[in-house]
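Trainee: Chain residues, written in single-letter form:
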Amino acid sequence: MSILKPKIICVTGGKGGTGKTLVAVNLATIFKNHGKKVLLIDGDVENPNTYLLLGAKLKSLANVEFFIPKINNEKCSMCGLCAENCLSHALLKVKDIPPIPMLNLCSGCKLCYKICPDNAIEKDSKIIGTLYESEKNEIKLMLGELKPSEARSAVIVKSLMQHLDRIIKNPNVMPDVVIIDTAPGAHCDVEELIQKADIVIPVTEPTRFGLLDLTRIIELITLLNKEYRAIVNRASLPGYKEEFSLELKRRDIEILGEIPLSQEVVESYCQGTPLMEDPSGIYTSSDAYHAFNQIYDNLLKWSDIQK
Amino acid sequence: MVVIAIPSASSGGLSDKMDARFGRCQSFTFVTINKDQIKEVKTVPNPAKDEMGGAGILASQTVYNEGANEVIVGFLGPNAINSLKSLNMKVFQAPNNNLPIREVVDMHMNGKLSIIDAANVGRHHGGRGGGGGYGRGGL
Amino acid sequence: MKKIIKIGILSGKGGVGKTSITASLGIIAQQDHEFKPALVDCDVDAPNLSILFPPRSPDKVDKKEITGTLKSTFIENACIKCRSCVEENYCEFDAISWNQVTDFPEIDYLACEGCGACKVLCPEHAFEINPVKSGEIISYVSKFDLALTYGKTILGSTTSGKLVSDVKEYIKNLESYSDLDLILIDGPPGIGCPVIATVSGLDYVIAVTEPTPSGLHDLKRAIEVIESFQIPFGIVINKADLQSPFQAQFKQFMLENNYVILGKINYSEDIPIAMSHAQPVVIENPKSEASRAIQIIFQNLKKNIS
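Residue numbers (the working numbering), protein chains in the order written: chain U, 98 to 404; chain A, 552 to 690; chain X, 847 to 1152.
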C-alpha cells in the first residue's frame, strides 16, 4: 500500500463559507476511521481554520521568510543599476545617495542582489508567516498562516507545498491520503493547491451566489486539467434548490453528494470535534452523518482509492 | 535657500493650478525662495505620470533630483510619504481645491500650511502583478 | 472637493453575509434622502453583487479591459541554449524550466511574476516582459438606480490586489461621481493582498462576523489589518442567535473588547429566500426581522460616520 504515491484530494469551492473546511476535516476523519494514514493540509493561509474544527493544538514547524535587500553603503558606488532595473520600483534612488529599499513593494525577485556590480547588496529577510503542524484523532495536520498586514500569501503556500513534497517522498512518513483545504476565491494560492491535487472536490451551496462561484471554480479546475466532482452543502436551504439542481444537470456537473443543514453540523463545528469523529455515538443516526458516509462511498467509487 | 516642489495640473508655473495628486501630476513647479522672495520658478514634466506603478517613488526621485527640499501636496499615499521622508524632505499639506500655485506658495510663505508626516490617503498601488502591490487608496 | 465617505464591508471569513448585507445597506442608503450612494464590488475573484443588482439598461454597461499583470515571454530566435537561465537560477519563482523535448526554456505562466529578472540577466535578451490582460471592470446603473462597479479577474492572472485598486480608481470616472457622497464597497474574504487593497483609503469598515470559532478567529485577523490602517470600524453579527456551543465564548469576547457593535441579525430564512429571488432582503421583505435589523445597523452606521 505504501509503495503507491498518496492520493491528493483538494477541497475547494470559490464561494466563501460553503463548508470547504467542514468537508475537508470530516473526509479526513472518515478516511482515518477506515484505517488510512491521513495528512490534512490547511492551504487557506490567510485564515486557516482546520485546527479549530479538529480541536487541535498547533506546534510551530517553521517560519516563512521573505527576501529583503540590504544595501552596504560603503561598497555602493551609487550607479543606480539596481533601481533602474527594479520593475516594482522598490528601490528609491536619487543622485549621491545609495538606494533606499521600499520594502512593501519588493517582489523578492532578488534581481538587485544578482546584478549589483559592487556586490553591495546583501540578502536579508523578514518573517511573513509561519508553518504549523499538529496531530489530533490520529490525523496529521499541517497549516500555513500569513502574518496579518503582510500581503504575499503565495509565498506561504509555496513553503507549505515544499514541506508536503518532502513528506510525500519519504516512505517512512508518507500518508495514504492527503486532503488539502483551500481558501475561498480562485486566485493564485488556490490555483497552486489545485495544481497539486489528483482530484478536486468543489463544495457549493444551492444559492445563486453558490452557482456563480461554482461555475467559476470549475473553469479554473478545468483550465488546470483536473478531475472534479462537487458536494452540495446546506442542501436543504430553501428557495433555489430546484433551479440549482437543474443548473447542475444542464452544465453536466457531477456531484459526490449532498449535506443537509443540520444542528448536528453546527454543534460539532463549534465544539471542535468533527461530526464523523462522534466519540459518544450521538450523531450516527443523523442525516448529516449518513450524508458524509454516502459521500465517502461515492468518492471511493469515483477515484481509484483502494478500500 | 528653500526650493519648494508643487505638483501641477498642466505645464506648471505660478499661474497653473495645483494638482491634488502627487505621483501622477502632470508636472512639477519648483519655486526657489530666498530672504522671503521668490527668486526662481522652474517647471519639469513629471516622468511618473503614466507609470503603471511606483509613481509616488519615481515622483519623489524627480523632485529630489531637481533640488527641492520641501514639497507641498494635496493627496499623498504611504509610498510617496515614506520616500519623501527617507530623503529628508519636508512635506506640507495644501487645501485640496486645485488652487492656483501662486496662491498656494503665498499661503506657504505666510506659514499657513502645516507639515504632514503621514499619508493622508491609503496606499497607492504599484502596477506589478503577482500579488505584490498594495491598494491604491484615495478616491 | 466634496468629501465622499468610503465604507468597506469585510469579514475575514467567507460566507458570513458581506454581500447580502452590502446589498441591503445600499438600498437603505438610496432610500435615505441624506445620501447619494454607489456600490462597488471588490471581491474580484468571485464578484456576486451583480446578481442582486443587474444593469437597468443592458446596452449601457461599461466594460474596461485591464492589463495590469506583467508576464515574461521567451524569444526563441535569440536563444543560444547556454542554459544559464536555469543553471544560474534567474527566476526566484521557479517559473523557468528547461523543456527537454523542445530544448528551449519554458515559462510557467501562472508562476511568473513579471519581475523582469530573466529579461535583465539573459545575455542574449531572449526574454521579454509585457503587460497581459488580467481582468475587467464592469460598471453600470442598476435597476434600483444605484451605480454598481465591479472587477472580475481573469483566471490565472494573479493580480487580484491590483485589480481592486483599479476598480477603486475607476469609480472616479462615473458620470454621477461628483454627486455621490457615499460609496459602499463589498470586500473580498481573507486578509491578504486584495483585502489590503480594499481597506486602504477607506473612511470606515463594517466587519461582519458570526458566532462560530472560525467566524471569530477570522474576525480577529481582519481587525488586525483594519487597525494597522488606523481606520475606525464597527461590527455586525450575522446569524447572531445561532444555536451553538460557542455563543458564550463569542459573547465574552465581544464584552471584553470594547468594539462598536453596529447591530445583530438573527438567523432567518428570509435572507436566503430573498437571495433565491435575486433580491436584497429589504426589498423582498422590508418588514421582516432581518430587514429591520439592517435598518438599525444603518442608523448606527450613520451615527458612527458623521
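Since the hints were made in silico from the structure, they are not lab data. Be aware that a few hints might be false.
The calculated lysine-lysine pairs, modelled on DSSO-like cross-linking and capped at a C-alpha distance of 27 angstroms, are [what the hints assert, rightly or not]: (1) A:Lys568 to X:Lys849; (2) U:Lys156 to U:Lys323; (3) X:Lys849 to U:Lys255; (4) U:Lys133 to U:Lys398; (5) A:Lys663 to U:Lys192; (6) A:Lys663 to X:Lys849; (7) X:Lys965 to U:Lys154; (8) U:Lys167 to A:Lys636; (9) U:Lys233 to X:Lys1066; (10) X:Lys1097 to U:Lys154; (11) X:Lys1066 to U:Lys223; (12) U:Lys192 to X:Lys965; (13) U:Lys192 to A:Lys590; (14) A:Lys663 to A:Lys568.
Here are some chain A residues pointing at chain U (derived, C-beta under 8 angstroms) [what the hints assert, rightly or not]: (15) Gly604; (16) Gly605; (17) Ile608; (18) Ser611; (19) Asn633; (20) Phe643; (21) Asn647.
Everything numeric in this text was worked out from a predicted model, so none of it was measured. Each residue gets a CB set at the ideal place from its N, CA and C atoms; glycine is no exception.
Trainee: If a hint holds in the structure, say so; if it doesn't, say that too.
Mentor: The hints, checked one at a time:
Restraint check for Lys568 of chain A and Lys849 of chain X: the C-alpha separation of about 20 angstroms stays at or below 27 angstroms, so the hint holds. Between Lys156 of chain U and Lys323 of chain U the CA atoms are separated by roughly 33 angstroms; this puts the pair beyond 27 angstroms, and the hint is violated. Taking the CA atoms of Lys849 of chain X and Lys255 of chain U, the gap is near 42 angstroms; set against the 27 angstroms cutoff, the hint is violated. A threshold of 27 angstroms between alpha carbons decides the hint, and for Lys133 of chain U with Lys398 of chain U the separation of about 16 angstroms falls inside it, so the pair holds.
Using a Cα cut-off of 27 angstroms, the hinted pair Lys663 of chain A and Lys192 of chain U is violated, with the two alpha carbons roughly 32 angstroms apart. Taking the CA atoms of Lys663 of chain A and Lys849 of chain X, the gap is about 22 angstroms. The hint holds against a cut of 27 angstroms. Between Lys965 of chain X and Lys154 of chain U the CA atoms are separated by roughly 46 angstroms; this puts the pair beyond 27 angstroms, and the hint is violated. For the hint pairing Lys167 of chain U with Lys636 of chain A, the CA-to-CA distance comes to about 19 angstroms; that is within 27 angstroms, so the pair holds.
For the proposed pair Lys233 of chain U and Lys1066 of chain X, the alpha carbon gap of about 24 angstroms is at most 27 angstroms, so the pair holds. In summary, the hint linking Lys1097 of chain X to Lys154 of chain U is supported, as the alpha carbons are separated by about 23 angstroms, within the 27 angstroms threshold. With a C-alpha separation of about 23 angstroms, the suggested pair Lys1066 of chain X and Lys223 of chain U falls inside the 27 angstroms cut-off, and the hint holds. Restraint check for Lys192 of chain U and Lys965 of chain X: the C-alpha separation of about 26 angstroms stays at or below 27 angstroms, so the hint holds.
Taken as a hint, the Lys192 of chain U and Lys590 of chain A pair is honoured in the structure, with Cα atoms around 24 angstroms apart against an allowance of 27 angstroms. For the suggested pair Lys663 of chain A and Lys568 of chain A, the alpha carbons sit about 18 angstroms apart, so the restraint of at most 27 angstroms is met. This hint holds: Gly604 of chain A has a C-beta 6 angstroms from the nearest C-beta of chain U, less than the 8 angstroms allowed. The beta carbon of Gly605 of chain A is positioned within 8 angstroms of a beta carbon in chain U (closest approach about 2 angstroms), and the interface hint is therefore held.
The interface hint given for Ile608 of chain A is met, as the beta carbon of that residue sits about 5 angstroms from the closest beta carbon of chain U, less than 8 angstroms. Using the Cβ-Cβ criterion of 8 angstroms, the hint placing Ser611 of chain A at the interface with chain U is satisfied: the shortest such distance is roughly 7 angstroms. Among the interface hints, the one on Asn633 of chain A holds; its C-beta lies about 7 angstroms from the nearest C-beta in chain U, closer than the 8 angstroms criterion. The restraint placing Phe643 of chain A at the interface with chain U is violated, with a minimum CB-CB distance near 20 angstroms, outside the 8 angstroms limit.
The interface hint given for Asn647 of chain A is violated, since its Cβ lies 25 angstroms from the closest Cβ of chain U, which is over the 8 angstroms cut-off.
Checked against the numbered hints above, the structure violates hints 2, 3, 5, 7, 20 and 21; every other hint is satisfied.
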